[in-house]
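2 protein chains.
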Amino acid sequence: MKAVCILGSTGSIGTQTLEVIGRFRDRLEVSALAAGSNVELLLEQAKQFRPRLVSVHSREDAARLREALADPSIRVVHGSEGLIEVASEPSDLVIGALVGRLGLEPVLAALRSGSQVALANKEVLVTAGQLVLQEAKRAGAGIVPLDSEHVAIQQCLAGHPREALRRVVLTASGGPFREATLQQMEAATPEQALAHPTWEMGSKISVDSATLLNKGFEIIEARWLFDLDPDDIDVVIHPESIIHSFVEYRDGSWLAQMGIPDMRIPIAYTLGMPERLPLPDLPALDLVGIGQLRFEAPDLERFPALGLAREALRTGGTAPAVLNAANEVAVAAFLAGRIPFTAIAATSETVLEEHTVLPGLMLDEIREADRRARERAGRIVGEPSV
Amino acid sequence: MKAVCILGSTGSIGTQTLEVIGRFRDRLEVSALAAGSNVELLLEQAKQFRPRLVSVHSREDAARLREALADPSIRVVHGSEGLIEVASEPSDLVIGALVGRLGLEPVLAALRSGSQVALANKEVLVTAGQLVLQEAKRAGAGIVPLDSEHVAIQQCLAGHPREALRRVVLTASGGPFREATLQQMEAATPEQALAHPTWEMGSKISVDSATLLNKGFEIIEARWLFDLDPDDIDVVIHPESIIHSFVEYRDGSWLAQMGIPDMRIPIAYTLGMPERLPLPDLPALDLVGIGQLRFEAPDLERFPALGLAREALRTGGTAPAVLNAANEVAVAAFLAGRIPFTAIAATSETVLEEHTVLPGLMLDEIREADRRARERAGRIVGEPSV
Numbered sequence: 003m004k005a006v007c008i009l010g011s012t013g014s015i016g017t018q019t020l021e022v023i024g025r026f027r028d029r030l031e032v033s034a035l036a037a038g039s040n041v042e043l044l045l046e047q048a049k050q051f052r053p054r055l056v057s058v059h060s061r062e063d064a065a066r067l068r069e070a071l072a073d074p075s076i077r078v079v080h081g082s083e084g085l086i087e088v089a090s091e092p093s094d095l096v097i098g099a100l101v102g103r104l105g106l107e108p109v110l111a112a113l114r115s116g117s118q119v120a121l122a123n124k125e126v127l128v129t130a131g132q133l134v135l136q137e138a139k140r141a142g143a144g145i146v147p148l149d150s151e152h153v154a155i156q157q158c159l160a161g162h163p164r165e166a167l168r169r170v171v172l173t174a175s176g177g178p179f180r181e182a183t184l185q186q187m188e189a190a191t192p193e194q195a196l197a198h199p200t201w202e203m204g205s206k207i208s209v210d211s212a213t214l215l216n217k218g219f220e221i222i223e224a225r226w227l228f229d230l231d232p233d234d235i236d237v238v239i240h241p242e243s244i245i246h247s248f249v250e251y252r253d254g255s256w257l258a259q260m261g262i263p264d265m266r267i268p269i270a271y272t273l274g275m276p277e278r279l280p281l282p283d284l285p286a287l288d289l290v291g292i293g294q295l296r297f298e299a300p301d302l303e304r305f306p307a308l309g310l311a312r313e314a315l316r317t318g319g320t321a322p323a324v325l326n327a328a329n330e331v332a333v334a335a336f337l338a339g340r341i342p343f344t345a346i347a348a349t350s351e352t353v354l355e356e357h358t359v360l361p362g363l364m365l366d367e368i369r370e371a372d373r374r375a376r377e378r379a380g381r382i383v384g385e386p387s388v
Numbered sequence: 003m004k005a006v007c008i009l010g011s012t013g014s015i016g017t018q019t020l021e022v023i024g025r026f027r028d029r030l031e032v033s034a035l036a037a038g039s040n041v042e043l044l045l046e047q048a049k050q051f052r053p054r055l056v057s058v059h060s061r062e063d064a065a066r067l068r069e070a071l072a073d074p075s076i077r078v079v080h081g082s083e084g085l086i087e088v089a090s091e092p093s094d095l096v097i098g099a100l101v102g103r104l105g106l107e108p109v110l111a112a113l114r115s116g117s118q119v120a121l122a123n124k125e126v127l128v129t130a131g132q133l134v135l136q137e138a139k140r141a142g143a144g145i146v147p148l149d150s151e152h153v154a155i156q157q158c159l160a161g162h163p164r165e166a167l168r169r170v171v172l173t174a175s176g177g178p179f180r181e182a183t184l185q186q187m188e189a190a191t192p193e194q195a196l197a198h199p200t201w202e203m204g205s206k207i208s209v210d211s212a213t214l215l216n217k218g219f220e221i222i223e224a225r226w227l228f229d230l231d232p233d234d235i236d237v238v239i240h241p242e243s244i245i246h247s248f249v250e251y252r253d254g255s256w257l258a259q260m261g262i263p264d265m266r267i268p269i270a271y272t273l274g275m276p277e278r279l280p281l282p283d284l285p286a287l288d289l290v291g292i293g294q295l296r297f298e299a300p301d302l303e304r305f306p307a308l309g310l311a312r313e314a315l316r317t318g319g320t321a322p323a324v325l326n327a328a329n330e331v332a333v334a335a336f337l338a339g340r341i342p343f344t345a346i347a348a349t350s351e352t353v354l355e356e357h358t359v360l361p362g363l364m365l366d367e368i369r370e371a372d373r374r375a376r377e378r379a380g381r382i383v384g385e386p387s388v
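Top line first, the protein sequences correspond to chains A and B. Counted the way my numbering counts, the first sequence spans residues 3 to 388. Counted the way my numbering counts, the second sequence spans residues 3 to 388.
One copy or two, either will do: identical chains are not told apart, so a pair holds if it fits within one copy or between any two.
Below, in silico cross-link-like pairs of lysine to any residue (SDA-like), each with a Cα-Cα straight-line distance of 25 Å or less:
no., residue 1, residue 2
1, Lys4, Ala166
2, Lys49, Ala72
3, Lys4, Arg252
4, Lys4, Gly144
5, Lys4, Glu165
6, Lys4, Ala138
7, Lys139, Phe228
8, Lys4, Leu45
9, Lys4, His162
10, Lys4, Pro163
11, Lys206, Glu83
12, Lys139, Leu230
Everything labelled a hint here was simulated from the structure, so no lab data went into it.
Pulled out of the complex, with its shape left as it was, chain A reads as follows (with noise of 0.2 Å):
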């Protein structure tokens, strides 16, 4: 029985584990769930998996959760230092689904606590890649990816010799904006931004797909998990996003990870390894009705965020961290209202220019390089509670 905690139990990558996880009760059982404030959805999943502990924002939340579900069995605790109970509780792999930053302190708990992570949260290694792969190292617990690219990697990884690997090729699907010029963009609005053509995701993760942010975190990501030479990490449009990565070998023969996009397969994948669970009634992958796959360069004047996390990369330090305060402000600030689409990535360029780059090694630095860079970022986008 492997026992799983997932955090971010409410969100897009936590209700699809939980629905795998429903499907394989006899091998796999709830440990912990953290959710923000979603309270009936998360009382339904408690009473479902029956996990020993969930997590909520508030005090007031967890009030009323402890009453709804009226089960000594399960402990409720709120706010920061819920979440990070719920992250240490022990457990076999603790799913790394929460939203930007938020996520780092519960991954680093999980890691401490000697539980492999699985990370959907991939702004956690953005921000903090040097310093989540020493404290794994250091607790001996691993570190697996929840991204369909890199779950894809992994895959095509798996049974070939390392000292071979040539490459990696990370797939994108272009996202909404794929063929729109640079005045559409401009007048983009958030509905949009948000209307993914291949992916259903959470809105964070779709305005960072609208950008292609996401597909530069998917680089420093890469980077960190598979421990790759960033110039070893290439990026392809590929707008039917069946291809989900490929890995390219010294002799000019390259794998690549396929199926249809449903987040479902790449997290049955991280839950069962090293078996690979059945997934018999999902639609099947019909490459004839598909027809083709094409295949596009990414176009760096229109998405300029990919080449802005390249250089993030490149600079190191609290480079990544940095851009990333700046990407969570500006996208919520995108979100309402409050500056056009083009803005978001044209901020956090001004915003990483501006920072002195620190060796971001220690958590505090890394704290206080990302609190400088929102206030920064607020003071760009007009924040009102600058």
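With chain A's structure known, arrange chain B on it following the hints.
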């Protein structure tokens, strides 16, 4: 040092194998070479790679070669016994790259000597799959693929639990008549049939690719090489020949092996195993330049040979050997201008229909079925010698 013997060293696979060996003289050496009548090329190869043993078809050519070589350290033999001698020469790997059923006895001899055999010569497994596998098992020798599709499947199976396999999907370029009408195919010349759109190959396999019987043979080959249920082997037309085959797992995840259509890549993979040899100077696979990879269902109306192969595999016993024999005769007749292109499959169908199936577990039984099928096919195509 890995000692490699090549059966069919002057053919397309043979020369490319030597090209790859020439790049890795520090780890690969040539133990023996067998060719047919291209004495000039074999002389050159023997001088360059200095095998202990070489064989040609005729006694006269053997004498000429012996004189031209003037090297007592290289023994020259001839005829079918010479071929068996070469196959039996102690080697780490025997490349089975002869054309047609002719390759069966040498492959059996190589296996009996305990050598691992890499099979490009797919007619061997088509004719006597079960017998060849029994022989390999008895001798404790292994059979590995040397066909781009099957090397692709092997790479997609490596590192993944076998019980999780759902099926394999072989890709086919569709050949030169992919878009031809049945009328155009009826009038097709040998020159048109030999003009393969993506791969440069010998003439027999090029015609088999034009009828799609080659893909049918690959289904049979895959059945034996990977111990698959014939119903778990599918075919999809992929005109660009970039994806060399797919494997589908039970979670809906597919793996594909890809690369430019260059046989040196699968040859290097097979020669290098378990290492992956570097081929840095091959042209890069440029997916963006190619732009799209297309997929179509095979048309069994225009390409009945594909259905015939499946039927022969389902029937089992001597049926695939009979199909292969009839096809060899019909292809030769087509290349000689004696029958139209569409009569190739029609001839095989008639011979297959009339054949009384035997178990096919004894070499004599297979030889007899083969002989009779050739005779019958010869009568149908109006062979002068019959």
